[in-house]
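Residues per chain, in single letters:
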Amino acid sequence: MTLTAAPAQLPLRPGSATDVFAYNGSIPGPTIEAHEGDRVIIHFRNELPEPSTIHWHGLHIPATIDGSPFHPVAPGGQFDYVFTVKPGAAGTYWYHPHPHNRSGYQIAKGLYGAFIIRADDDPLPPSIPEKLLVLSDNRFLADGSFDFPESHSLHGRIDTENGREGDVLFVNGEVEPTLAIRSGEVQRWRVINASGARVYRLALTGHSFLHIANDGGLFERPVEVSEILLANAERVELLVRGTGAPGSRATLQAQPYDRYVPQTRPADWSRTRDVLTLQYSAEAPAAPVILPEVLRPIPRLDPALATDTRLMVLTQGLINARSMDLGRVDVSAPLGATEIWQIENLVGMDHPFHLHGFQFQVLDRNGVAEPFRSWKDTVNVPRHSTVRFVVRYDDYPGKWMFHCHILDHEDMGMMGVLEIT
Amino acid sequence: MTRRSRPSRRATLRITLAVIAAALATVAATSGRPDAPADQDPGAVLRGRVLAISHGCGDCHGGIANPAAEGWLAGANPKAPPELQFFPVGPFKTRARNLTPDNETGLGRFSERQIFNALRFGLRPGETPDVEITSSTPGQGNFPMNPKYLAPPMPWPSFRHMPDQELRDIAAYLKRGVKPVRNPVPDSEGPPDFWASEYTPEKVGTWPAPAFPTARETR
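Same order as they appear, the protein sequences are chains A and Z. Using this note's numbering, read the first sequence as starting at 1 and increasing by one per residue. Using this note's numbering, read the second sequence as starting at 1 and increasing by one per residue.
Don't take each hint at face value.
What the hints assert, rightly or not - Computed, partial: chain A to chain Z, Cβ under 10 angstroms: (1) Thr-160; (2) Ile-340; (3) Glu-344.
Stated by the list, open to error - Beyond 12 angstroms from chain Z on every Cβ pair, some chain A residues (computed): (4) Arg-39; (5) Ala-74; (6) Phe-79; (7) Lys-131; (8) Thr-251; (9) Gln-253; (10) Ala-254; (11) Ala-286; (12) Met-349; (13) Asn-366.
It is worth saying that the hints were derived from the structure and are not from the lab. Ideal Cβ placement from N, Cα and C applies to all residues, glycine included.
So here's chain A without its partners, still in its complex pose (with noise of 0.2 angstroms):
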């Protein structure tokens, strides 16, 4: 298939048109699917006015095609990106823009979209229906253009701390959509933070969910939640159970999440809003179905052979006190190496942490061991705190990014460097 990248103009909100950059024009950009094992072939074409790249994000994919800033694609040029999916990696994924200093711009322009990698084998019944979420957030100005302040004004400057929040909150490029369900039906959400700031903490009115996937697929079990925090481009999967009753409907709702230093914590913060309405149709409960207790095998990433443990600290925009530059590697690996990464954040803020091009374990977060295991392409580090994750170096050398994934953050320089060779 072909993407192609190009300013636009969409009626996002009612009543007012907005210039956009978006992906084959249309916000979120058009959904991707593939299944473990195929071969995948994605013409792009770079009609914007800067430099971009696409970032299949948390894809086991190769270095040169993993749309890092590495290699960016000049405005006016094309690059295929090629590629087959690996055995084991069904998920729900997404790609974005990923050039030098720019992406956070470039998504919050619109240039986002999901990458869903699906299984034959999948566990659960395939009469369940799906439903993708693709969270994102924006800022808009009175002539309904995006708010983009200047970056040296307060303004730009408590973007830059706290990340560019939005005020207007986009499930699939729709305010406060409706979803429909019947009364008994399970659902499979795959629910995407696009956002480049904004962390949801995601409660459903009246009922609980099923977690059952985090960012690189299944679990092991579904695990019963009564919410679920998604930082920045973390992904998770969730089975609605339609406990409510025919006609009724529910709400599901960001509440409050405190990620932010006292000096620039937002003044409504702690305001819960509506991501969208869950309606039931007036038809008699559906009948029940019967959910899989064990969803697959999950092979252990063994921390004993971990062959070193890389040290990151993070402070606000800097990780081990230095700013990203792409002519320098900040840690060098073998190839196969299992290592460990042992993130701490010193500041009084969240930060999450992305590894590009492998999936990890979660080992620990301050101290405590992870419950279960999952596969991670991103992890939310919260303020003064630590994550440890142990991770292996399969199959694909080159240079990785590693970074916080507020997107303004990356693009002030809060990432690294990792090669493989």
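Since the structure of chain A is provided, determine the placement of chain Z on it from the hints.
Using the frame of chain A, we list chain Z on its own:
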């Protein structure tokens, strides 16, 4: 917008954030370790100790002038009454942070150069790269374009006039001469510009100080 008020009952308090001197040339952009020791001068720690005691670091950061005291330089005392665990600065609360080299709650992960930069330029170590700074002009000589400053009443505008070597000695003492104490201190508050509009040359003078004598001085 925000008033800088030093609580009168604390008028004599001076806070010293200990600083750490890093051998500027060798600390190296090439060292990936934020805690790489650079200055191994054994006298630095003892000189820094005298400076830390004599400059009243402990008045705010714990222990007054007694390095044998419990909580020496460990930051706001969690056992104190809540109203004594912070300094009101206008509408904001400043909390003396933990200056011991504890990795999680103190200065353990900051380099001596970062602590030096905090004392010399008032720059928050957690917001400022570990680099040698050669200018006080935003955007020049590695001085940040949008500097973020330590919260008042930390008297860095005064302490920055100490000689380089003394600031490095204080940093050496804090990093290498004090035992780490785990004491998580909540973050200080402040305006969204991190005090930039309060710490202008018009309000706090320049470093280095203007040539002697100024119009208010005499030979």
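Hint check:
Because the beta carbon of Thr-160 of chain A sits about 8 angstroms from the nearest beta carbon in chain Z, less than 10 angstroms, this interface hint is met. Here the hint on Ile-340 of chain A is broken, as its CB sits about 16 angstroms from the closest CB of chain Z, past 10 angstroms. Taken as an interface hint, Glu-344 of chain A checks out: its beta carbon lies about 7 angstroms from the nearest beta carbon of chain Z, inside 10 angstroms. With a cut of 12 angstroms on Cβ distances, Arg-39 of chain A stays outside the contact zone with chain Z, its closest approach being about 39 angstroms.
The beta carbon of Ala-74 of chain A sits about 28 angstroms from the closest Cβ of chain Z, which is more than 12 angstroms, so the claim that it is off the interface holds. The beta carbon of Phe-79 of chain A is kept farther than 12 angstroms from every beta carbon of chain Z, the shortest such distance being approximately 32 angstroms. Interface exclusion of Lys-131 of chain A from chain Z stands, the closest Cβ pair being 38 angstroms apart, more than 12 angstroms. Non-interface call for Thr-251 of chain A relative to chain Z: holds, since the shortest CB-CB distance, roughly 32 angstroms, exceeds 12 angstroms.
For Gln-253 of chain A, the condition that its CB be more than 12 angstroms from all CB atoms of chain Z holds, with the nearest at approximately 27 angstroms. With a cut of 12 angstroms on Cβ distances, Ala-254 of chain A stays outside the contact zone with chain Z, its closest approach being about 23 angstroms. With a least CB separation of 50 angstroms from chain Z, Ala-286 of chain A remains clear of the 12 angstroms interface cut-off, as annotated. For Met-349 of chain A, the requirement that its beta carbon stay farther than 12 angstroms from each beta carbon of chain Z is not met, with the minimum near 9 angstroms.
For Asn-366 of chain A, the requirement that its beta carbon stay farther than 12 angstroms from each beta carbon of chain Z is not met, with the minimum near 9 angstroms.
Going down the numbered hints, you'll see the structure goes against 2, 12, 13, while the others check out.
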